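Chemist: With the sequences and hints as input, model every part of the structure.
Next come the chains, spelled out residue by residue.
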Amino acid sequence: MVEELLKPIKDLIADYSFNTKNEIVIRTSDFNLAKVSQYLFRDLDCELATVIATDDRFSDDCCFTIRYVYSYHKKNVFFIVENKVKERFNSLANIIPALNWYEREIRDMFGLVPLNHPDPRPLVLFPENFPPDLHPLRKDFDIKTRPELKSYGKYEYKEVEGEGVFNILVGPIHAGIIEPGHFRFSLAGEHVLQLEIRHFWKHRGVEKLAEGKTAEEILEIVPRVSGDHSYAHTLAYVQAIEKLSNTEIPERAKYLRVLFAELERLMCNLNDVAWLFQDVAYSFGAQGMFILKEEVMRLNKALTGNRFNKNVLKIGGVSVDLNQEKVNLIIDKLGFIADKFEFYKKIIFDSASILDRFETTGRILYETVKELSCVGYTARASGLKSDIRKEHPYLIYDKLTFTSQTFEEGDCFARLKCRLSDIEDSISIIKEVLADLPDGEIFTQPNPLPANRWTLGYSEGQRGNIMYFVKTDKEGKIDRLKIRDPSFNNWQAIQWAVLGDIVADFPLVNKSLNLSYAGTDL
Amino acid sequence: MFRIFKERFKEGIKAEELKIRDENVEILGKQLKEKIDKYFQGSFAIREVDSGSCNACEYEISALSNPYYDIERFGVKFVASPKHADAIMITGCLTRNMYEAMMKAYENVPNPKFVIAVGDCALDGGIFKGSYAVMDGIKDKLPVDIWIKGCPPEPIDIISGLLMLLNQKFGE
Ligand code: SF4
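Protein sequences appear in the order of chains F and B.
In this text, residue positions in the first sequence follow our numbering: the first is -13, and each later residue adds one.
In this text, residue positions in the second sequence follow our numbering: the first is -14, and each later residue adds one.
If you are wondering where the hints come from, they were derived from the structure by calculation, not from laboratory data.
Bear in mind the structure is a predicted one, so any value in this text is a computation, not a measurement.
Be careful, since some hints might not be right.
For lysine to aspartate or glutamate, the following EDC-like pairs were computed, each having C-alpha atoms within a straight-line distance of at most 20 Å [said to hold, decoys possible]:
no.	chain 1	residue 1	chain 2	residue 2
1	B	Lys114	F	Asp265
2	B	Lys62	F	Asp47
3	B	Lys(-9)	F	Glu328
4	F	Lys331	B	Glu(-8)
5	F	Lys72	F	Asp16
6	F	Lys287	B	Glu139
7	F	Lys319	B	Glu(-4)
8	B	Lys89	F	Glu328
9	B	Lys134	F	Asp29
10	F	Lys287	B	Asp142
11	F	Lys140	B	Glu(-8)
12	F	Lys326	B	Glu(-8)
13	F	Lys136	B	Glu(-4)
14	B	Lys126	F	Glu134
15	F	Lys130	F	Glu193
16	F	Lys21	F	Asp47
17	F	Lys287	B	Asp7
18	B	Lys114	F	Glu134
19	F	Lys319	F	Asp265
20	F	Lys194	B	Asp121
21	B	Lys114	F	Glu203
22	B	Lys(-9)	F	Asp336
23	B	Lys114	F	Glu197
24	F	Lys331	B	Glu(-4)
Modeler: Below, the structure written as C-alpha cells:
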C-alpha cells in the first residue's frame, strides 16, 4: 500500500522505511523537499500533524534533523519526511501555510534559519526580553542560562493604514480570569479589517525542562502543559513511552483510560458551552451548564480523588480501578447530566435571540482550516473531518461507536453544535465502556526504554488531536520531547474568523474556538 | 420561552432549597462575608493575573462563580481593572515574557493592597523553577501576603485561603 502511495514521488526520495507499524520515514534531499511535501499535503490530502527539530550534532550525526509529520487519513499512516539541516533550510510556508509557525519556532529554538520565510519575525522568544543569539533547544545551551532581563530589540507589528482606520490593542492581560495573549485589531468603523495575534507570553521552556529526565520524571511535567487537558496530554505521552518500550497494557486498563478521557472531554465541552452562553448574555443556560461541569468534576473527585483526574495515568496502565459502587455512581451522574443537557439543548434551538448571535458569526472557510491543518471542532465545524480516535485509532476506539460530527457552516453556531454532539458522543462512549468493561489487571510493569529511538504519541483532546514526539538518548532517557497542542495549529485561524465581523463579536468568536494559550506557549 | 417557564414551574424556586450547596462552603463563606462586611464595606475586589500558569488554576478560580460556590454572595468580586482592586491574585510561575505586564498590573492596584499567590508554582516556579524562560515565581519580587497551595487548589481551598488572609490581617 505504501509502495503504491509513494510511487509518483519515487524518483524524488532517497528511500523510505518503517519506524513503527504506522510511521513511515521518507528521506529526501533539501532540493526535493518542497515537491515531496507538496505531494503529501496536496495530492495525498494529508494534514500537517507536527514538525519536530532535533539537535543531533553531538550524537552520531553532524547536524540537525527536521521531521515533518503528515497524517494520512484514509489509512492509519503517518508520513514523516526527514531533512538533515546544518544552519539553514528552505522555508515551505509559502506553499504550506500550516508550516508558518513551526518554521518560526524552529528558528527561535534552534537558530536554524528558514530561507525566504514570508514572516521572519521571532515567535516564541520575544526580542524585548531575549537576546537574539539564544537558542534554548540546542544541546549546548544550559537550561540555567539567564541573560540580563532587558530589551534586545523590537517586535514589528503589521500596520494597517488608511483614512479612518484605527487600532484596538488588547492584552496580554485580559479583563476576565483567562490566560494572557495579545490581540491587535485594525478597524474601519466597527468592522475588523485585520486581527494580528501575538502569543507565547507564557513560554516556560517546557521542552527544555524535559531533556535528560527519565520517562517517569516527565509524568510531573506533562499534566501541567495545558491544565484542562492534563489527562489527554498525559495520555498522548504515556502511549508514546509504551510504544517505545514495547509495553502492552492490560485490556481493562485500556477501557478505563477511555472512560477517563471521555470524562475530561465531557467536562471541557460542558464548560465551553457554558461560556458560550455567558458571552451571549444567556445567564440562565450558562449557570445550568456550569452546574453540569461542576458535577463532572465532583464525579472525578469521587472516582480518583482529583477534580482533573490527575495522577490516574501511569506508564503501563492506570492507578485507579472501579468497583460496582463507583460504576453505579457514574451511571447515576451521567443520567442526571444527560437529562439536564437535553433540556438546555432544546432551548438553544428554540431561541431566536441565541441563534442570532451565533449564526454567521466568526465564519472560517473550509479552505482556511485545510491550509492551516486545523484540528478538532475548529476543523469539523468547517467541514474538515478531524478526529484521531477515528483516523489513527488507539486504545479501544476502533470498537466504539461515536459520530464525531462535522458541519459545513464554519461559524460560531457550527462550533457550538460540534460541542453539543461531542457531549452526546462522550456520554454514549462512557456507557458503552461500562457495559463492556472486562475484568483483570489495570497495570503491567513497563519494559525499560530502548536507547536512541523515537516515536509519536497521540490522543484526541477536546480541542483536537495532541501530538507528542519522544526521542531517547543513549541511556534511554528523554533526549527530545516535542509537544504539539491542538491550539498550535488552530490559533492562526482566528485571524481569519473575525474578518468583516464587528469587534464586539470577538469575545464570542474567541470562546467558540476556546484555544489554549499554555499549550501553545509551552 | 414557554419551555423555560414550564421548567420554572415544575422545578420550583431553586434559590430556596438548593441542594448543591456544601456545608463547608457555607460555613467558610459566612465567616468570609463577616470579615468583608466589616473591613471592606461588603466588597472585596480581586484582580486575577496569570503570569505563566497551566490554566488549571484559572479553571478552579472561575469555578468559584458557579452556583455551587457563587463567591460573590460573600462579597468577593473579580474585577477587570487593577485600579478597582483591593488585592492582586497571581497564578502560575513568572515567565520572562510576562514579567513586565505582571509588574504593571501590580503597580496599578492602589495601596494598601494584598498579594495572593495561588497554586504550587506561583511562589517559586514549582516544577518550572530553574528554566531559562522563567524568573521562577513572585516570591522575591512582590510582598506575598498569602500562598494558597495546591496544583491546582480546589475552589474550597481558595475560599478558605481568602478567609485565612483576612484573619491574618484583621484577627480571627
Ligand atoms: S499550580 Fe499546578 S495547576 Fe496551578 S498553574 Fe501551576 S502547574 Fe498549573
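Chemist: Between the alpha carbons of Lys72/F and Asp16/F, is the straight-line distance 20 Å or under?
Modeler: 11 Å, holds
Chemist: Does the alpha-carbon distance linking Lys287/F and Asp142/B stay inside the 20 Å limit?
Modeler: Roughly 14 Å separates the two Cα atoms, so the pair holds.
Chemist: Tell me if the straight-line CA distance from Lys114/B to Glu197/F falls inside 20 Å.
Modeler: 15 Å, holds
Chemist: Mind checking the alpha carbons of Lys126/B and Glu134/F for me, to see if they're no more than 20 Å apart?
Modeler: 16 Å, holds
Chemist: For a C-alpha distance cap of 20 Å, please report whether Lys194/F and Asp121/B respect it.
Modeler: With a Cα-Cα distance of about 15 Å, the restraint between Lys194/F and Asp121/B holds, given a limit of 20 Å.
Chemist: Taking only the CA atoms, is the gap from Lys326/F to Glu(-8)/B under or equal to 20 Å?
Modeler: 11 Å, holds
Chemist: Please work out if Lys114/B and Glu134/F have their alpha carbons no farther apart than 20 Å.
Modeler: It holds: about 17 Å lies between the C-alpha atoms, which stays within 20 Å.
Chemist: Does the alpha-carbon distance linking Lys136/F and Glu(-4)/B stay inside the 20 Å limit?
Modeler: 60 Å, violated
Chemist: Sort out whether Glu(-4)/B lies within 20 Å of Lys331/F, counting only the CA atoms.
Modeler: 18 Å, holds
Chemist: Is the straight-line distance between the alpha-carbon of Lys287/F and that of Asp7/B 20 Å or less?
Modeler: 15 Å, holds
Chemist: Given the proposed pairing of Lys319/F with Asp265/F, does the C-alpha separation stay at or below 20 Å?
Modeler: 27 Å, violated
Chemist: Under the criterion that the straight-line Cα-Cα distance not exceed 20 Å, is the pair Lys331/F, Glu(-8)/B satisfied?
Modeler: 14 Å, holds
Checked against the numbered hints given earlier, the structure breaks hints 1, 2, 8, 9, 11, 13, 16 and 19 and satisfies all the rest.
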